[in-house]
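Kindly produce the complete structure, drawing on both the sequences and the hints.
There are 8 protein chains.
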Amino acid sequence: MKEHCAEPGRYRRQGFPEAVYGPGKTTPQIISIGKELSKGSGPVLVTRLEERDFKKIKKHFRGCSYNKTAKLAVLKEDVALKRSAPPGRYICVVTAGTTDMPAAEEAAAIAEALGNNVQRIYDVGVAGVHRLIKHETRLTKASCVIVCAGMEGALASVVGGLVGCPVIGVPTSVGYGVSFGGVSALMSMLNSCAANVCAVNIDDGFGAGVIASLINRDGGK
Amino acid sequence: MKEHCAEPGRYRRQGFPEAVYGPGKTTPQIISIGKELSKGSGPVLVTRLEERDFKKIKKHFRGCSYNKTAKLAVLKEDVALKRSAPPGRYICVVTAGTTDMPAAEEAAAIAEALGNNVQRIYDVGVAGVHRLIKHETRLTKASCVIVCAGMEGALASVVGGLVGCPVIGVPTSVGYGVSFGGVSALMSMLNSCAANVCAVNIDDGFGAGVIASLINRDGGK
Amino acid sequence: MKEHCAEPGRYRRQGFPEAVYGPGKTTPQIISIGKELSKGSGPVLVTRLEERDFKKIKKHFRGCSYNKTAKLAVLKEDVALKRSAPPGRYICVVTAGTTDMPAAEEAAAIAEALGNNVQRIYDVGVAGVHRLIKHETRLTKASCVIVCAGMEGALASVVGGLVGCPVIGVPTSVGYGVSFGGVSALMSMLNSCAANVCAVNIDDGFGAGVIASLINRDGGK
Amino acid sequence: MKEHCAEPGRYRRQGFPEAVYGPGKTTPQIISIGKELSKGSGPVLVTRLEERDFKKIKKHFRGCSYNKTAKLAVLKEDVALKRSAPPGRYICVVTAGTTDMPAAEEAAAIAEALGNNVQRIYDVGVAGVHRLIKHETRLTKASCVIVCAGMEGALASVVGGLVGCPVIGVPTSVGYGVSFGGVSALMSMLNSCAANVCAVNIDDGFGAGVIASLINRDGGK
Amino acid sequence: MKEHCAEPGRYRRQGFPEAVYGPGKTTPQIISIGKELSKGSGPVLVTRLEERDFKKIKKHFRGCSYNKTAKLAVLKEDVALKRSAPPGRYICVVTAGTTDMPAAEEAAAIAEALGNNVQRIYDVGVAGVHRLIKHETRLTKASCVIVCAGMEGALASVVGGLVGCPVIGVPTSVGYGVSFGGVSALMSMLNSCAANVCAVNIDDGFGAGVIASLINRDGGK
Amino acid sequence: MKEHCAEPGRYRRQGFPEAVYGPGKTTPQIISIGKELSKGSGPVLVTRLEERDFKKIKKHFRGCSYNKTAKLAVLKEDVALKRSAPPGRYICVVTAGTTDMPAAEEAAAIAEALGNNVQRIYDVGVAGVHRLIKHETRLTKASCVIVCAGMEGALASVVGGLVGCPVIGVPTSVGYGVSFGGVSALMSMLNSCAANVCAVNIDDGFGAGVIASLINRDGGK
Amino acid sequence: MKEHCAEPGRYRRQGFPEAVYGPGKTTPQIISIGKELSKGSGPVLVTRLEERDFKKIKKHFRGCSYNKTAKLAVLKEDVALKRSAPPGRYICVVTAGTTDMPAAEEAAAIAEALGNNVQRIYDVGVAGVHRLIKHETRLTKASCVIVCAGMEGALASVVGGLVGCPVIGVPTSVGYGVSFGGVSALMSMLNSCAANVCAVNIDDGFGAGVIASLINRDGGK
Amino acid sequence: MKEHCAEPGRYRRQGFPEAVYGPGKTTPQIISIGKELSKGSGPVLVTRLEERDFKKIKKHFRGCSYNKTAKLAVLKEDVALKRSAPPGRYICVVTAGTTDMPAAEEAAAIAEALGNNVQRIYDVGVAGVHRLIKHETRLTKASCVIVCAGMEGALASVVGGLVGCPVIGVPTSVGYGVSFGGVSALMSMLNSCAANVCAVNIDDGFGAGVIASLINRDGGK
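As you go down the protein sequences, you meet chains U, G, P, D, R, C, Z and S in turn. Residue numbers for the first sequence follow the working numbering, so the first one is 4 and each next one is one higher. Residue numbers for the second sequence follow the working numbering, so the first one is 4 and each next one is one higher. Residue numbers for the third sequence follow the working numbering, so the first one is 4 and each next one is one higher. Residue numbers for the fourth sequence follow the working numbering, so the first one is 4 and each next one is one higher. Residue numbers for the fifth sequence follow the working numbering, so the first one is 4 and each next one is one higher. Residue numbers for the sixth sequence follow the working numbering, so the first one is 4 and each next one is one higher. Residue numbers for the seventh sequence follow the working numbering, so the first one is 4 and each next one is one higher. Residue numbers for the eighth sequence follow the working numbering, so the first one is 4 and each next one is one higher.
Treat the hints as calculated values from the structure; they're not laboratory data. Note that CB positions come from ideal geometry on N, CA and C, so glycine has one too. Some clues are possibly wrong.
Calculated cross-link-like contacts (lysine-lysine; reagent style PhoX-like; alpha-carbon spacing at most 25 Å) [claimed, not checked]:
hint, chain 1, residue 1, chain 2, residue 2
1, C, 137, Z, 38
2, U, 42, Z, 28
3, Z, 38, R, 137
4, D, 42, S, 137
5, R, 137, Z, 42
6, D, 28, S, 71
7, R, 61, R, 28
8, P, 137, D, 137
9, P, 38, P, 62
10, G, 71, G, 58
11, C, 71, S, 28
12, S, 137, D, 38
13, D, 59, D, 28
14, C, 28, G, 71
15, G, 137, U, 137
16, Z, 38, U, 38
17, U, 61, U, 42
18, C, 38, C, 58
19, G, 137, C, 58
Among chain S residues calculated to face chain R with C-beta under 7 Å, some are [claimed, not checked]:
hint, residue
20, 124
21, 128
22, 130
23, 181
24, 191
This is how it looks when you write it as structure tokens:
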């Protein structure tokens, strides 16, 4: 969910598309930026877009889709599918609780838009660690795991200790009191005692989805 | 590891003894305060005391012991044992890594000085959660669990989800970078998604040991 | 007031129920999660639920009650009362000021739903310490004391010095300026010079109520 | 313990003297600044001065004294005593624990150097509130109370609620973990629910002593 | 602007009245608390009260007044005036800018309700220090100065250097960016290089008014 | 540079070895832990080990090497080389300045120990962006880039915008003032407007080296 | 965007005008303050003024203009143009993304109101550094560059390394998560490894515009 | 006092030289880097260099000088003087107290090395504002003012209000308690209500000297 820098050539140059951060932009502004970016070779993403705004926008672009939980619009989606991950490779997206779903769906939707197979393992927070362990086999076969968790964010460390692939932590702004809007979860992920855990910004499902795609689809190339 | 308020009657009144915080005090000062406090009915504890200082102090008191890892001296230890926990009840002290041992030993030593049976489960950090789960039965039979962990402090939540007794988190000042001297671990413990987890101050094994003793020995009375 | 991890078996396994954190969930979502959780053996709690939403929800569950100050709904309340604390044992819930009441009532309501006798001592902030001292006898006979205080949170230390049982501090988000939404009160409680004081997250009456119940009802078992 | 601004006329103009902050200055520098300031009408204070340095300095000034606990040197002390507080008026200096003494003695020594009667009430922390209450009469007759406390700093609020004069809180850098070098105590004092409590910087006994003197000696004039 | 602790006897015991913090309380609640407090000997203050709420409340109390800028209601005002400051003595209330006026008026109104003469010197921020210096004589004759300033809060230090009486800094939540809602101004005041400056909580005009009254009216008694 | 959890099976299970964090451990402790871990299938790393301590340790293990800049010891190095990255694939390690070298060398040494080709591009901070751009081709052909930077940490974003592979930011504790020991650089990396940038903890070259190895050697498997 | 201190003579004395900070002031208040200030010799600025409020205000002043993006009103604009920068000298205003435009336009509008030529280079964030480098010649000929950037704020350092004039960083409150409302960008700018970068407060386009004008128009006089 | 990026061409390209940050580098390293940089067209600066190290270094370079207070070495000083500021133009360097002198001397020495006339006005902190005002004429004629102040950092605002040129605040790490190593002073300077004040990093005299030189010598070009 990064702020865009309007550069049509990014997809060709870097293998992932520009994203337009929706909040604070008018519908005409989004259409205008979207038009400019769609001159490039890949799809165009609009993050944190309300559904009512998507309805106004979609007629101006071909091949659009919208993910309600992620509030993510993909414009020129057909283009996105041109380049796919090798068969059998997949990304796991894991959440601690239901309130982590918006970030998780943002990550999943972007990874799918970039041609990846995504498997969702939701609601397996560490206060019931046996529920997580049931999924151990599926986790260990993934080429990358994205863990979305708020509050104490402990799930990233536990998953990190189970798998042999990179784990990308997405701290979420879920919680109250000393969760400090996701800062506590972020600090947990950065302090992780599992060496294969890294982190992106709070609620940054977009970034996690892009990085996971680079690892899964391109083998990190 | 609280700063003492020199009150000889505390043990009789509250059931746990005064503790003298060692750092910054001269040996004569510690002897003097210890003498005053030993007029009361219970043992006297000196926390964070270097072994060389204990050697100077011990001859002034009867029934002394010293725990090197915890750097804890118990003066008038015989007194401490007068009142014991009911048979079969015990406290578990759990650590994530070896560097959490000083806080853990401080907690354990105080609980033992107050007449409790303590079981140690060390080095079971969440990056290898299967090691922790091996101890599940022993954990679930405890009347109280103390979890000492630094860095991301996730262990308290995982243990909290396994047991049906109070879990007292002791964040430790272990780590570097955004561990912020234990603040990250503390925040994790306070944000715990397990409802039975509470926390004491960073490295405060003393406080955890006292509270666990009140729960185990007195059944919370 | 923890985020739930939807696990019907928690009550049987841990002795305290799942809680559904109300804010950010639609009424149908709460009903659906509640239905799933009510398959388990204990009551189901919904925290921070507006009264107008409770009215929509209650017809879907038997044995419901609602505490307006705590904004807490207990579904399947009859079940809750099956297991009670030993006669004569009780929990004290203490507040510094009237604005600490929502957290205090949340704690009290949960403790009562779990079969505990609760005694309320409200509005005894430290700026009038004689009012607190009047209640000393009642406090010293409790098996656990919950102290809810915002601003400087000093009440936990003063109570901690009076009693010989565990004191659970609930910092509240009351105040302005450097109260920092409860952070100052939390730090006071963690820094407490009384050894028997621990703390839960800001405004986490739910967690305090659960822990106090484990101490009072089960004698810490 | 403020940094000096070398102004010989301050005592005549403001009624309190310049203070030279000792640390980081060489002995010749302190002598030189002291000489310049001693041209003014009042005494000259040197704060946080090691005793060995005082011994080198004192021969250059007449009427010197040194307070070892406060590490405070008063040069030209005879001058200080010219202007005294009205008979019967006094300042109370109160501490929570023994480690608060350096700040307390700094405050007391400055107040005495400025011609005030000071009464010390030490080691009356809130974890044993009855010890404080024994001194209630003496406290209520003071014209100003200085409260030095670290850790949770709760003592200022409790004293504030007992007396009808201004209470100046001096947070001390005592403690560990979330005491954050006195920040927690400072926040407690600023958040005090007693309306007559104000605060100075951490460990700033000098400032507290000056303000208390202005209130006691000059009746606030 | 402290949260009240409902104690009718406070005015007689401490010489300043209870204050009811308005926000978050319903009109009936304020009337009820006000009735209880008005059994005491002094006036009753309600802080941060909207004018429309004052209109509903005032008929229940005799001798009411309302300060619109301070949003302060004084109930039983006639009582307040019984005890006045000695003739000739006054408090200065100083502000840096117009946005500091609510805190300043709260301080001034409380001081006046407690029987003090108050002189206002507004809009003399340090970016035009000559405007402040014009008022030097008036400032130096005050028995106490209250300085209300936001942003960098530098005015307290400058005033502190001009006068020989206590200066009470009231940091205000004015500003944006790194003013952090008054924290920057608070830190400036606590760091003041003028020894006679202390501080109260952000926007706490009430506390400053009470302390200034104790200094001016009672000569600090 | 994670704290180890002594688990000999980690290399086989996860594909990267245990690391023993050197500081705070005695030489005998390190030898003992190293012996235990060397029963597993992979190499054993000791991080932040002083050279004088390595000299004492190395005779107890076969196939040892030591990197002076990284202060990293690799025990059983021969084992490490069994599994190598595909030919032609490499990791770039980039630094802003010379003081970032310890973290960079830690990352590089670990990646090399795990069988990866590493290319170093050092001293290309953003204040001379043309120096960085000279290396653009080499950067764009890497399968993963590690960027080590302190102070403002801007280099990660600039590199992120140039390449189409994952970029792992390692904030370093270089700087003074508001660098806050690496926190500012960490925040820059997490806030990066380049979507392919993630971060590890401050100075955590070890974690970055492990993750880069998983991406480069195993294609993210 | 500083808070005004109502001083009509500032323009003559300092060469830049008073600014009235609009938010929180009523239209009549702004007119009244504006009238008072317009007695001085220069223009009067009103910052963060909504367009609907400008429409009410403009009829009371001659020579008004309004910048919608900057939300800046210039009253008595004709006066402003009396004193212009030397021909050929100009200020560059640079932004990282479109959301930085309000601060950038505030800076540009103020600089123009003070008689400076301003060149805008927008949307050249560091994630596409080649776009920035295209403008290198224009940047290096400026007499001062203002860089407005949020999130990681890295643009200031990159620009600083390209030019030989002062660079004024304006951190913007753009972003989410650890951008902390502009604090991260501010820290980046202050930590800049380019020696010619300084910073103003978050979103303070006004301050940046004034300083740039003093450098460009007056050659720093 | 920026970390260097070893680029010999910087002086020709940007008009100010590379600086080598001394701490943490060995004497041979400094000589080596200095040799490389001295191939460029301007002088080479070494900041925070101990005098004993300068003595070892100076024989390797021609035209060396050393400023003891600033701990600054200038190598190839003769080169530096080639390009001077226009006659009559000067920079003022102002300090609040004597402990601000190292940063002030660093700024002054760099400005002088770059060909500027510097006037020092030291020890004019705001607690004695009349001392500052005595220098008003000299201040108002400067083309740029550097203000070095710790603690509350208020001096920058007061100076900013007196002059019509840019004011560069250098917060210093002087103080204790809530000075937080210069953070409080930095926040004051950024919050300044004087529009012409900007800031550099804590203790960054080097950056301030460079920027002031660009303004004074080159008229901002």
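Now for the hints, and whether the structure bears them out:
For the hint pairing residue 137 of chain C with residue 38 of chain Z, the CA-to-CA distance comes to about 58 Å; that exceeds 25 Å, so the pair is violated. Restraint check for residue 42 of chain U and residue 28 of chain Z: not satisfied, since their Cα atoms lie roughly 46 Å apart, outside the 25 Å limit. Restraint check: the Cα-Cα separation between residue 38 of chain Z and residue 137 of chain R comes to about 23 Å, which is no more than 25 Å; the hinted pair holds. A threshold of 25 Å between alpha carbons decides the hint, and for residue 42 of chain D with residue 137 of chain S the separation of about 21 Å falls inside it, so the pair holds.
For the hint linking residue 137 of chain R to residue 42 of chain Z, the alpha-carbon distance of about 21 Å falls within 25 Å, and the restraint holds. Pair hint residue 28 of chain D plus residue 71 of chain S holds up; C-alpha atoms about 15 Å apart against a cutoff of 25 Å. Only pairs whose Cα atoms come within 25 Å are accepted, and residue 61 of chain R paired with residue 28 of chain R is accepted, the gap being roughly 16 Å. Restraint check for residue 137 of chain P and residue 137 of chain D: satisfied, since their Cα atoms lie roughly 16 Å apart, inside the 25 Å limit.
About 12 Å separates the Cα atoms of residue 38 of chain P and residue 62 of chain P, which keeps this hinted pair within 25 Å; it holds. Annotation: proposed proximity of residue 71 of chain G to residue 58 of chain G holds, straight-line Cα distance about 12 Å (limit 25 Å). Proximity of residue 71 of chain C to residue 28 of chain S is assessed by CA-CA distance (about 15 Å); at most 25 Å being required, the pair is judged to hold. With a CA separation close to 23 Å, the supplied pair residue 137 of chain S and residue 38 of chain D stays within the 25 Å bound.
Proposed proximity of residue 59 of chain D and residue 28 of chain D is supported: the alpha carbons are some 13 Å apart, at most 25 Å. Note on residue 28 of chain C and residue 71 of chain G: the hinted pairing holds, with a Cα-Cα distance of about 15 Å set against a maximum of 25 Å. For the hint pairing residue 137 of chain G with residue 137 of chain U, the CA-to-CA distance comes to about 16 Å; that is within 25 Å, so the pair holds. For the given pair, residue 38 of chain Z sits about 47 Å from residue 38 of chain U by alpha-carbon distance, which is inconsistent with the 25 Å threshold.
Distance hint between residue 61 of chain U and residue 42 of chain U is fulfilled; the C-alpha atoms sit about 16 Å from each other, no more than 25 Å. At roughly 16 Å between alpha-carbon atoms, residue 38 of chain C and residue 58 of chain C fall within 25 Å of each other, so this suggested pair holds. Proximity of residue 137 of chain G to residue 58 of chain C is assessed by CA-CA distance (about 38 Å); at most 25 Å being required, the pair is judged violated. Checking residue 124 of chain S against chain R: minimum C-beta separation of about 15 Å lies over 7 Å; hint violated.
Interface hint status for residue 128 of chain S: upheld, as the beta-carbon distance to the closest one in chain R is roughly 5 Å, under 7 Å. Taking 7 Å as the C-beta cut-off, the interface hint given for residue 130 of chain S holds, the closest approach to chain R being about 4 Å. Because the beta carbon of residue 181 of chain S sits about 5 Å from the nearest beta carbon in chain R, less than 7 Å, this interface hint is met. With a cut of 7 Å, the hint placing residue 191 of chain S at the interface with chain R holds, because the nearest CB-to-CB distance is about 4 Å.
Violated hints for the displayed structure, listed by number in ascending order: 1, 2, 16, 19 and 20.
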